[in-house]
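Numbering (UniProt numbering), first residue to last: 1 to 167.
Read the hints as simulated data drawn from the structure, not as lab findings. Worth double-checking, as some hints may not be accurate.
[Stated by the list, open to error] In the BS3-like style, the derived pairs of lysine-lysine whose C-alpha atoms are separated by at most 25 Å in a straight line are:
| id | residue 1 | residue 2 |
| --- | --- | --- |
| 1 | K112 | K68 |
| 2 | K132 | K155 |
| 3 | K68 | K155 |
| 4 | K41 | K99 |
| 5 | K155 | K41 |
| 6 | K41 | K112 |
| 7 | K132 | K41 |
| 8 | K99 | K132 |
| 9 | K112 | K155 |
| 10 | K99 | K155 |
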Amino acid sequence: MNRIRPVVVSAVALAAVATLSACSEMASGAQGPEHGQPGHKMLSATTVNGLGAVVTDADGKTLYRFDKDIAQPPTSNCDGECATAWPPVLAGVATPMLKGIQETQVGTVARKDGSTQLTLNGWPLYEFSGDKAPGEANGQGVNGTWFAVAPDGSKITAGGKAGGSGY
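Working from the sequences, and respecting the hints, build out all of it.
Okay, here's the thing in structure tokens:
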């Protein structure tokens, strides 16, 4: 019976170490999908010709902000047909990975349809349906209300267009 006691103590100690290791991994962000997997979002500061540093998604698509939205409190005013032309960047199931963007600048806003949209410095983020490839910025300046977003959440005013799907 004395030989069983050390085995039981060892098993309990091993279980405790395994539990603490799992908690440590969870605290360091191991929960949720891995980088590049469905449900995972990424925001990166990327250089786009003619605009400089802009925020892009995991596919390298330029992200935009809408002057008719409100940053404080964050409010999206692009729904229906507008959201078809300018799809909102919806939050994934995990905290987005960031490259060149301050974590404290990133947040979310509840949309009228119940979905959750990512924000940068309070501004809701969108893609433009007219951008087909990484590095394109065809939505820049459309109708004087849509602008590529800088890594600090400000709008980039260089290289704009007057027409298009403005809403």
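Here's how the hints hold up against the structure:
1. For the hint linking K112 to K68, the alpha-carbon distance of about 15 Å falls within 25 Å, and the restraint holds.
2. Straight-line distance between C-alpha atoms of K132 and K155 comes to about 21 Å, which keeps the hinted pair within the 25 Å bound.
3. Note on K68 and K155: the hinted pairing holds, with a Cα-Cα distance of about 13 Å set against a maximum of 25 Å.
4. A hinted pair counts as satisfied when its Cα atoms are at most 25 Å apart, and K41 with K99 qualifies at roughly 11 Å.
5. Taking the CA atoms of K155 and K41, the gap is near 21 Å; set against the 25 Å cutoff, the hint holds.
6. Our distance criterion of 25 Å between C-alpha atoms is met by K41 and K112, whose separation comes to about 21 Å.
7. Restraint check for K132 and K41: satisfied, since their Cα atoms lie roughly 19 Å apart, inside the 25 Å limit.
8. For a cut-off of 25 Å, the pair hint linking K99 to K132 stands: about 22 Å separates their Cα positions.
9. As the CA atoms of K112 and K155 are separated by approximately 24 Å, the hinted pair is consistent with the 25 Å bound.
10. Of the pairs offered as hints, the one joining K99 and K155 holds, with about 18 Å between alpha carbons and a cut-off of 25 Å not exceeded.
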